[in-house]
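Asks: Read off the chains here:
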Amino acid sequence: MAELTYRDAVAAGIAQEMERDERVVLLGEDIGAAGGVFKATVGLFERFGPRRVRDTPISEQAIIGAAMGAAMTGLRPIAEIMFSDFFGVCWDMIANEIAKTRYMTNGQVALPLVIRTANGAGSRFGAQHSQSVENWAMAVPGLKVVAPSSPADVKGLIAAAVRDPDPVIVFEHKSLYSVKGEVPDGEALDALGAAKVLRTGKDCTIAALALMVPRAMEAAERLQAEHGIECEVIDVRSLVPLDTRTIMGSVVKTARLFTVEENPRLCGWGAEVASLVAEECFWDLDAPIVRITTPHVPLPAADSLEDATIPSVERIVDTVQRAMG
Amino acid sequence: MDILMPQLGETVAEGTVTNWYKQVGDSVRADEALFDVETDKVSTEVPSPVSGVLAEVLVPAGQTVKVGTRLAVVRGANEQAAPAGGAAPSHAPAQAAAGVHAPASQVRSLRLEADVAARSEKRKLSPVVRRLLAQHGLSAAGIQGSGRDGRVMRDDVLAHIGRAGSTQPAAAAAASPSPAPLPAAPAVAQATTDSSMCGAGERVVPLNSIRRRSAAAMARAWQSVPHVLQAIEADYSRIESARRSKGPAWQAREGYELTYLPFLAWATCQALLRYEQLNARIDGDRLIVSRRVHLGIAVDLAHDGLVVPVIRDAQDRTLSALGREIRRLAVGARGNKLTPDDFSQPSYTISNSGVFGTLITAPIVNPPQVAILSTDGVAKRAVVVASDDGDSLAIRPVGVLAQSFDHRAVDGAYSAAFLKELKRLIETRAWSDDLP
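Residue numbers (my numbering), protein chains in the order written: chain A, 730 to 1054; chain B, -17 to 418.
Just chain A, same shape as in the assembly (with noise of 0.2 Å):
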């Protein structure tokens, strides 16, 4: 067992699936000799070469667009955007051709594909460099969607994703990078779909994605410590499959449920979450769902604007303790 941070941990998912398959190539803007703007493919340019680790210009849709011919044609291209808001530039790409090529040639051609992004606010980047839109990416029929909260877990959803035969969206989360935390020693192969019950706890279920995971264990700590109130945390993991059976068993258990979301509210995760449970799951609930969010805005750069807008322990305490008091 090893203690990495949650970028080299990236890089050795990544390490680890290019040494196993020789088809999975990377590519992305400042990934080889820079080693990633937020040092996340340090040392692959080296140890792969330039033919698999692919510098490229400025253009997400040159990405994208070879990453689709490159997985048409046999290989298994993992593709970098830089931050997750160019997505705004790729997704005819993604969600009109990439997403949806195996459904209209009946089957005859898969994508196997991997983009990986940095998503997420906390590095004071405004509002086009911070956002969070996994649930962009989960509105679109024919993408795979996960957002890993630690290093093991990204490392292993990493080689989950280069080995799924569809396309998979990986979304990193800039302020976890730095975060370090036990990785298993060996071979890393996690499972796309699942969700994991990272702390139980009877009173109530919080499911958080990312970034808010980690705020919410400790908010459910402070939570347990200063009111005596047990949260059971699910760290939801993967958007698109949804865990529905893990959350749900949850929820049943608890009868209570907060989301906590780093996206913005509108069409956040947690709504589809939350309308979910609502119909499946209305008569074990003993309060009315809650969720905590972003607010509907465009994100500030200044710091305390930006820590205002993004969920904190701090927010995820006092809601939880007061809906639950």
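Keep in mind that the hints were calculated from the coordinates and are not lab data.
Don't take each hint at face value.
Stated by the list, open to error - The calculated BS3-like cross-link candidates involving lysine-lysine, where the alpha carbons are at most 27 Å apart (straight line), are:
no.: 1; chain 1: A; residue 1: K768; chain 2: A; residue 2: K909
no.: 2; chain 1: B; residue 1: K106; chain 2: A; residue 2: K982
no.: 3; chain 1: A; residue 1: K931; chain 2: B; residue 2: K106
With chain A fixed as given, assemble chain B onto it according to the hints.
Replies: Frame of chain A; chain B shown alone:
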């Protein structure tokens, strides 16, 4: 300040205090729920008119008293404790005048009894609590709530079940898709819902409060009233013709369909004015006959009980006015929007099963009324039309009108004459002229 039994509608003379939300010594804010009142048809939550401390409760829960009776005293912050006068419940109008009457407008959220079960606990019940209560045949009334404002939470119910050692349906609370639950469990605990009574494939359906009340009333009526059923067949051609010619304009103007019922209600009122001993009530060995027709219309609440709102002075209303009033009552009854005045004592009742296409229904008279009319389905039939040139066959819309009557009040010939008059009106009136 004295708290008095409010006037819950013009025709209501008394009410039953069913629940006090506060105990003596509790402080209460203005507009905070203070007690529940139930009349014979409606239950209502009454707020405190002032802020203060509940100093005395003079009428305990369960007691029925006249409108204006002193129920309690709420003492404001500056009020001195009045010398205790051994104040028993009193009907003195002087006291009524001195105290504060909660006006009808202040009485919030009038609702039908169907809602009483859930509301009488005053607290909101969550879906899981409702399900558990229904599954275990419990009422929230006896369960101590640990949630905010005393709300009964899931764990409170589970703890209660655990303590009571009640027969638990196998793994009722386990992680399985929940069955569609019953409506909120009745507050009155005598409804036996012990699921151990069930055999395989059976389940317990507790009667809601409306059904429990009507069950008792129907059984009493059936046992005490000597019923006679009489029916007559009527040709609805003229009504049908009026509906065809004036119905589209009615639909456009009023926004809903012009049904048979307003026609039948109008004709019934006119026939009752001629045969008024059917528009009467039995009082011992007397029959009290009325020239005013307060026409009860039975409304089915989606198979979840039956209520009978009343059209007051229906004899004075035009066909259009009856149509609108019937619509208002039916919609209001289904939406729990009616007031106690809408449920005052009817003098005669129409039960309309016709929408289901029934042939004939033998309704039960609801005393002290002496008769009730069932209007059944109208369907096209081949009928023999007699004329001087000989008989012929015609296709006509035909329906049965069936009246049950109390044989103590009238005899068969009288009832038959009434039915004949009703049939005559239906078949001969120029109905189209009654509609714009």
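Asks: Now tell me, hint by hint, if it's right for this structure.
Replies: Hints and how they fare:
{"no.": "1", "hint": "A:K768 x A:K909", "result": "holds (14 Å)"}
{"no.": "2", "hint": "B:K106 x A:K982", "result": "holds (21 Å)"}
{"no.": "3", "hint": "A:K931 x B:K106", "result": "holds (22 Å)"}
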